[in-house]
Structures are given as C-alpha cells and as structure tokens.
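Enquirer: Residues per chain are reported as follows:
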Amino acid sequence: MKVNIPTPLRAYTKGKETVEVSASSVQGALDALVLTAPELKKHLFTEDDKLRSFVNVYLNDEDIRYLPQREDTATTEVDELTIIPSIAGGSAYSSKSPVPLSC
Amino acid sequence: MLRLTFADYESLRAHGEETYPHECCGILLGNNDSAGNSVKQVIRAGNTRSDSAHNRYHIAPEELIRAQREGRKAGLDIIGFYHSHPDHPARWSQTDFEEAHWFGCSYVITAIEQGQARITNSFLLKGTSEDEKAFEDEALEIDVTGVEENVASHAAKMSVDVREGDKT
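Chains as they are written, first to last, in the numbering used here: chain A, 7 to 109; chain B, 556 to 723.
Careful, some of the hints might be misleading.
Cut-off 27 Å, straight-line C-alpha distance, at most; resulting in silico cross-link-like pairs (DSSO-like, lysine-lysine) [stated by the list, open to error]:
| # | chain 1 | residue 1 | chain 2 | residue 2 |
| --- | --- | --- | --- | --- |
| 1 | A | K20 | B | K688 |
| 2 | B | K688 | A | K47 |
| 3 | A | K56 | A | K22 |
| 4 | B | K688 | A | K56 |
| 5 | B | K595 | A | K20 |
| 6 | A | K22 | B | K595 |
| 7 | B | K595 | B | K688 |
| 8 | A | K47 | B | K681 |
| 9 | A | K20 | B | K681 |
| 10 | B | K681 | A | K56 |
| 11 | A | K48 | B | K595 |
| 12 | A | K22 | A | K47 |
| 13 | B | K681 | A | K48 |
| 14 | B | K688 | A | K48 |
I should point out that these hints are in silico values taken from the structure, not numbers from a laboratory.
Produce the complete structure using the sequences and hints provided.
Expert: See the structure below:
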C-alpha cells in the first residue's frame with residue numbers, strides 16, 4: 007500500500023512523496039515505513055512508541071484516531087495512508103508558557 | 556526567501572481583513588529550490604478554532620490532505636502557511652512556535668489593525684527536529700510584473716480615453 011509523506015519529512019525518505027509498503031494493518035504499515043526509513047521514527051513516535059500528538063495519520067479519508075480499531079484497523083494493498091503534521095497557532099499566549107515571548 | 560505574486564500577496568492579506576476580528580488561515584502551494592520557497596497557489600482554509608478564533612487558528616487535516624493532493628496533480632508541494640494576527644503584531648507568538656512542525660516551510664503572518672491589513676512578515680521554520688527547530692526571519696519577494704502591466708494598460712487606456720475626450 008501507498009504511504010504519502012508530507013514535505014517536511016521527505017528528507018528521511020530520500021525525497022520520495024510516497025513510499026510503498028506491504029502491511030495488513032495501519033500499525034503494520036507504520037512499522038514497515040519506519041523500517042524502510044528509520045530516521046522517521048523519532049519524528050512520528052514518542053519514546054514510548056505512541057504517535058506524537060501533532061502527527062495525524064489518515065487511512066484513505068479517515069483519521070485513524072476515530073476508527074474503532076485505530077492502529078489495528080485492517081488494510082489492503084489498495085488503501086492509502088497519509089501522514090500529515092498539524093497546522094495551528096495564533097497570537098494567543100501559549101498555555102504552556104504563561105509569560106509572553108517578546109520577539 | 557519567499558517569492559509570491561502581488562495578487563497572491565494581496566489575496567492572503569484580504570483574507571485577514573475579511574475574517575477580522577478572527578484569525579484567518581491558509582495553505583501555500585508551490586516549489587522549493589536553492590533560492591527558497593516560491594508560491595504558485597494560495598488556498599484559503601477554514602479556522603476550526605471557533606472557541607477562540609480571535610487569537611487561535613487551526614487548519615483541519617482534511618483540508619491539508621486535499622491541498623496536498625491538489626498540489627501533487629499540478630506538480631506543487633505545500634511550502635508554507637499563512638494566518639493573521641488581529642490587533643497584534645506580525646511576529647510569531649510562542650503558540651505559533653510550539654505548533655509549528657513543518658520544517659522548511661514558510662509561515663506568513665499579517666497584522667490586521669482594526670480590520671485593515673498592515674505589516675506582513677514571513678518566517679522560515681528551520682531545523683530538522685522539535686528539539687532544534689527555530690523560526691528565522693524570511694525576506695518576501697513580491698512579483699509585481701502583472702501589476703506593472705495592468706498599470707501600464709490602465710494608463711494607456713486612460714490616455715486613449717483622454718484623447719477620445721479631447722475629440723468631443
């Protein structure tokens with residue numbers, strides 16, 4: 007199946023926009039992807055192997071976080087996995103940093 | 556450096572005026588080369604942060620995926636994003652920084668003061684990981700080629716109109 011790689015992570019897939027992997031589940035596809043491109047691992051997963059909070063993974067048009075079986079959802083060769091980091095921000099002060107940054 | 560046409564520059568600034576007092580946001584499709592990022596298409600996105608739209612923005616991943624697919628068909632990549640800061644400087648905030656994850660992409664911010672677009676700045680997200688990322692000021696190069704032609708065309712038309720007026 008095809009895994010679509012976003013612009014900022016293509017440095018770890020030799021510039022490839024898509025990577026072909028063989029897998030029967032979402033987790034299997036992510037594992038196969040990391041096996042093919044080991045440097046991707048730290049960008050996608052935390053140290054305890056959980057998907058980073060800002061990394062969205064879509065199976066075709068579905069966010070895997072909202073699929074009943076999440077990462078264990080079965081896949082076939084015609085499915086497509088898309089990795090897409092989140093885009094957010096704003097002028098608000100961060101809840102993590104109560105002191106405003108002067109920049 | 557971030558290069559874009561005057562029309563695209565005006566388009567993203569106008570978006571911020573239209574959504575004022577809320578933040579606008581959008582996606583920049585284009586290409587990256589040794590000179591930097593070049594915008595070929597500006598895609599307006601919805602701000603899903605309806606709970607705090609005056610000082611927060613978030614683009615639905617579905618919109619990003621659609622833009623990525625659209626770009627791929629045209630040989631373009633996502634090379635940046637834009638958003639507005641209503642009644643706030645056109646500088647990145649700590650929130651902008653913490654939520655920035657697209658390394659190598661341009662983050663364009665327009666200050667909107669009382670509904671009017673003022674300063675527009677761009678910041679390049681440098682680095683390759685969350686631990687070493689940093690925003691760097693990025694120069695904007697605005698292509699006014701079409702604008703010059705339009706002005707010239709407009710001036711020529713006005714000249715003809717004046718001459719036509721002289722005849723009457």
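Enquirer: Next, verify each hint and record whether it holds.
Expert: Hint by hint, here is what the structure shows:
1. Between K20(A) and K688(B) the alpha-carbon distance is near 21 Å, which keeps this suggested pair within the 27 Å criterion.
2. A hinted pair counts as satisfied when its Cα atoms are at most 27 Å apart, and K688(B) with K47(A) qualifies at roughly 17 Å.
3. Of the supplied pair hints, the one linking K56(A) and K22(A) holds, its CA atoms being roughly 24 Å apart against a limit of 27 Å.
4. Only pairs whose Cα atoms come within 27 Å are accepted, and K688(B) paired with K56(A) is accepted, the gap being roughly 21 Å.
5. Of the pairs offered as hints, the one joining K595(B) and K20(A) holds, with about 24 Å between alpha carbons and a cut-off of 27 Å not exceeded.
6. For the suggested pair K22(A) and K595(B), the alpha carbons sit about 21 Å apart, so the restraint of at most 27 Å is met.
7. Straight-line distance between C-alpha atoms of K595(B) and K688(B) comes to about 26 Å, which keeps the hinted pair within the 27 Å bound.
8. Between the alpha carbons of K47(A) and K681(B) the distance comes to roughly 20 Å, so the proposed pair stays at or under 27 Å and holds.
9. Between the alpha carbons of K20(A) and K681(B) the distance comes to roughly 19 Å, so the proposed pair stays at or under 27 Å and holds.
10. The suggested pairing of K681(B) with K56(A) holds, with an alpha-carbon distance near 25 Å, which does not exceed 27 Å.
11. Note on K48(A) and K595(B): the hinted pairing is violated, with a Cα-Cα distance of about 32 Å set against a maximum of 27 Å.
12. With a CA separation close to 16 Å, the supplied pair K22(A) and K47(A) stays within the 27 Å bound.
13. Restraint check for K681(B) and K48(A): the C-alpha separation of about 17 Å stays at or below 27 Å, so the hint holds.
14. Only pairs whose Cα atoms come within 27 Å are accepted, and K688(B) paired with K48(A) is accepted, the gap being roughly 14 Å.
Taken one by one, the earlier hints fail for this structure only at number 11.
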